[in-house]
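*Asks:* From first to last, the protein sequence lines stand for chains A and B.
Plus 2 on top of the position in the first sequence (first one is 1) and you've got the working numbering.
Plus 320 on top of the position in the second sequence (first one is 1) and you've got the working numbering.
Do not rely on the hints blindly, as some may be mistaken.
Pairwise CB distance ranges, derived in the manner of DEER restraints [as the list claims (entries may be wrong)]:
(1) 360(A) x 415(B): 48 to 58 Å
(2) 501(B) x 414(A): 19 to 29 Å
(3) 296(A) x 440(B): 49 to 59 Å
(4) 430(B) x 228(A): 45 to 55 Å
(5) 499(B) x 124(A): 51 to 61 Å
(6) 477(B) x 273(A): 36 to 46 Å
Calculated pairs, DMTMM-like style, for lysine to aspartate or glutamate (alpha carbon to alpha carbon, straight line, at most 25 Å) [as the list claims (entries may be wrong)]:
(7) 260(A) x 500(B)
(8) 504(B) x 371(A)
(9) 504(B) x 195(A)
Covered, in the sense of this in silico footprint (three residues per stretch, anywhere, with C-beta under 8 Å from a C-beta of chain B), are these stretches of chain A [claimed, not checked]:
(10) 190 to 199
(11) 329 to 338
(12) 372 to 378
What the hints contain is simulated information worked out from the structure, not anything from laboratory work.
Even for Gly, the Cβ is constructed at its ideal location relative to N, Cα and C.
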Amino acid sequence: MILSRLTLLILFFSNFSWGVLEVSVIKNEDNALPVKILPFQIIGSVQGGDLIEKIITNNLNRTGHFSAKVDPSFDKNVINFSQLRSEKFEALVMASLEKKSEKIFDIQLKLIDPYSEKTIMNKKYAVHDSGIRRTAHFLSDQIYESILGIRGSFDTRLAYVTVSKNSHGKKEYRLEISDSDAQNPKTIITSTDPILSPVWSPDQNKIAYVSFRNLRSEVFVQYPFVRRKTLKLPYFDGIASSPSWHPDGNKLAITLSKDGNKDIYLYDMEKKSLERITKNPSIDTEASFSSDGKKMVFTSNRSGQVQIYIMDLESKKISRATYEGNYNAKAVFSPDGKSLALVHRLGKDYRVGILDIQTRDLTILTENELDESPFFAPSGDMIIYSTNKKNRGILSVVSIIGRQTFELSSVNGEVREPSWSNYSQ
Amino acid sequence: MRKQGLFLTTLFTAFFLSGCIGGEANIVEKVEPRNQIVSNETSNTSEAIVQSQIGRIIGEEISPTDIRVTNPNSPEAIAVKKLKNEGVKFTLYFSFDGYEISEAATNEIIKHANLMKDYPQLNLRLEGHADERGTREYNLALGENRALAVKDVLALYGLISRTQVISYGEEKPISNEHNEEGWKKNRRVDFIYE
Numbered sequence: 003m004i005l006s007r008l009t010l011l012i013l014f015f016s017n018f019s020w021g022v023l024e025v026s027v028i029k030n031e032d033n034a035l036p037v038k039i040l041p042f043q044i045i046g047s048v049q050g051g052d053l054i055e056k057i058i059t060n061n062l063n064r065t066g067h068f069s070a071k072v073d074p075s076f077d078k079n080v081i082n083f084s085q086l087r088s089e090k091f092e093a094l095v096m097a098s099l100e101k102k103s104e105k106i107f108d109i110q111l112k113l114i115d116p117y118s119e120k121t122i123m124n125k126k127y128a129v130h131d132s133g134i135r136r137t138a139h140f141l142s143d144q145i146y147e148s149i150l151g152i153r154g155s156f157d158t159r160l161a162y163v164t165v166s167k168n169s170h171g172k173k174e175y176r177l178e179i180s181d182s183d184a185q186n187p188k189t190i191i192t193s194t195d196p197i198l199s200p201v202w203s204p205d206q207n208k209i210a211y212v213s214f215r216n217l218r219s220e221v222f223v224q225y226p227f228v229r230r231k232t233l234k235l236p237y238f239d240g241i242a243s244s245p246s247w248h249p250d251g252n253k254l255a256i257t258l259s260k261d262g263n264k265d266i267y268l269y270d271m272e273k274k275s276l277e278r279i280t281k282n283p284s285i286d287t288e289a290s291f292s293s294d295g296k297k298m299v300f301t302s303n304r305s306g307q308v309q310i311y312i313m314d315l316e317s318k319k320i321s322r323a324t325y326e327g328n329y330n331a332k333a334v335f336s337p338d339g340k341s342l343a344l345v346h347r348l349g350k351d352y353r354v355g356i357l358d359i360q361t362r363d364l365t366i367l368t369e370n371e372l373d374e375s376p377f378f379a380p381s382g383d384m385i386i387y388s389t390n391k392k393n394r395g396i397l398s399v400v401s402i403i404g405r406q407t408f409e410l411s412s413v414n415g416e417v418r419e420p421s422w423s424n425y426s427q
Numbered sequence: 321m322r323k324q325g326l327f328l329t330t331l332f333t334a335f336f337l338s339g340c341i342g343g344e345a346n347i348v349e350k351v352e353p354r355n356q357i358v359s360n361e362t363s364n365t366s367e368a369i370v371q372s373q374i375g376r377i378i379g380e381e382i383s384p385t386d387i388r389v390t391n392p393n394s395p396e397a398i399a400v401k402k403l404k405n406e407g408v409k410f411t412l413y414f415s416f417d418g419y420e421i422s423e424a425a426t427n428e429i430i431k432h433a434n435l436m437k438d439y440p441q442l443n444l445r446l447e448g449h450a451d452e453r454g455t456r457e458y459n460l461a462l463g464e465n466r467a468l469a470v471k472d473v474l475a476l477y478g479l480i481s482r483t484q485v486i487s488y489g490e491e492k493p494i495s496n497e498h499n500e501e502g503w504k505k506n507r508r509v510d511f512i513y514e
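Just chain A, same shape as in the assembly (with noise of 0.2 Å):
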């Protein structure tokens, strides 16, 4: 197997802001299915129409599954199969997108199978003019749900923490929000104080993080797409901490001391009210809900040792689910609510792995000495982590097969506390 580094500073736009990260695909060359991409055929006037197919094969290719090209020379009238064969194409992708009117374009996308020189998709869409980064992205996903059966993720945003030194030599804590493809990157919030575990609301409209700007950790929700539009939530004393999005999106568990130790309390941002949901005298934080909001799972040192719990949020009933090691902490449920991807010590290095809530198994996916914040792709075949490189903090994604994606890294100081959002709406 060779492992070959790829490193792509993509700059489609001139819109270079400070806080585009540097995209690394850590490609797999073995086992990567080759897909020919031919230019998209532009039907009128769209703008930035010609760098469509360009964020769809960057898009494919990094999660390592795909070795993309784009064919400009490819004739598709005469299609030679058993050409394409013998390059060991497995699939062939070609589109057409046409302007209908100021907000809508019309866009049939086509998939053909050169082994059975099958048509394997054919579909029309109906595009609101969003942008063109946003139908590439959504392009992209119908292609990779088609060839491997799931969804892709990457019609999704990214949270993220930067944190730089400004000019007078102070460190710069900044919340960014990007594209799933670190593009687009939007400053949301920066602080002299630190800044710590942004969340995506499910509808992807809020923001939930923690913040030191009073000098105490403090849960703050922002809007990051309506110009300084806050939520606030009321006053608590000690720390307030640790949101976690109910998936109704309405609630927000936090970690409160206010009633003297950790525990962890459901705030309902409509009625105003709180809800303690723990109350033990040891540190229980880390609150995560599975996606049908029937369980919550966190993490809580009542056995004397750190360790991950899952609560059944109707009994309340509170069983253990991490055996192995003495440190399990940070765990978030897959999608599909059967694994968790949590922080687990090994030896002196702290790792992230993925547990069976069934079986007990846990599996170790990744090698470093400090990884941390595991948060699953909303597709649920990729986990997303913080983790340090010469020194320097970056994020990692990482497939749940364990092979290592690629990694988000920025020129201006360290990345980290990443959080994946739901699919765009």
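For this one, chain A is given, so just place chain B on it according to the hints.
*Replies:* For chain B alone, coordinates are given in the frame of chain A:
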């Protein structure tokens, strides 16, 4: 001002080393003026008096009856003002993942309790910290437990209302080294008078 920092360190090294005898947590000699305020008005001699006064206050060399500050220009008054305004920091260190207070550490905390009882104008901010290992949110909780453990001792002296606890978790390390030497310096509670 460098010279002053050095003087402070020497003074407190002499005093605090006596209290540093292993266990779960130890007060160590670390003293850091957070804001180096440059003052040309203070002569070195009066500066030295003020410094030694801080040492005497913390070191219990003055009996509580002597030190009720009445004259705002007395060395004691200036010393208290310095403690409050210059962010002079005392640090208690902790074991890996621990928040227990050893007997030796308890004795050091009692010295601070006595100081606060003698000087009602002093309030204390306890900042809890953790090293970078483990998750950020768990470390935030751990940092608070460390600071709360110190507060529990001060509570025995009726000082709860004058003691404020905050946790920074692993967010404000003293050392950026990714090894035991660095981590040791980061697992701590800072005592800051206000």
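*Asks:* State for each hint whether it applies.
*Replies:* Hint check:
Distance hint for residue 360(A) and residue 415(B): a CB-CB separation of about 37 Å, inconsistent with the stated range 48 to 58 Å. The beta-carbon spacing between residue 501(B) and residue 414(A), approximately 28 Å, falls within the hinted interval of 19 to 29 Å. Checked against the hint of 49 to 59 Å, the C-beta distance between residue 296(A) and residue 440(B) comes to roughly 54 Å, which is consistent with it. Here the CB-CB span from residue 430(B) to residue 228(A) is close to 53 Å, well matched to the stated 45 to 55 Å.
Between residue 499(B) and residue 124(A) the C-beta distance comes to about 58 Å, which sits within the given range of 51 to 61 Å. At about 42 Å, the beta-carbon gap between residue 477(B) and residue 273(A) stays in the expected band of 36 to 46 Å. Between residue 260(A) and residue 500(B) the alpha-carbon distance is near 33 Å, which puts this suggested pair outside the 25 Å criterion. With a C-alpha separation of about 17 Å, the suggested pair residue 504(B) and residue 371(A) falls inside the 25 Å cut-off, and the hint holds.
Between residue 504(B) and residue 195(A), the direct Cα distance comes to roughly 23 Å. Compliance with the 25 Å bound is thereby established for this hinted pair. Taking a C-beta to C-beta cut-off of 8 Å, the region 190 to 199 of chain A contributes 3 residues in contact with chain B, enough for the three needed, and the coverage statement holds. Counting residues of the region 329 to 338 of chain A whose beta-carbon sits less than 8 Å from any beta-carbon of chain B gives 3, enough to reach three: the coverage restraint holds. A stretch counts as covered by a chain when three or more of its residues have a beta carbon under 8 Å from one of that chain; for the region 372 to 378 of chain A and chain B the count is 3, and the coverage holds.
Figure legend: structure checked against the earlier numbered hints; hints not met, in rising order: 1 and 7.
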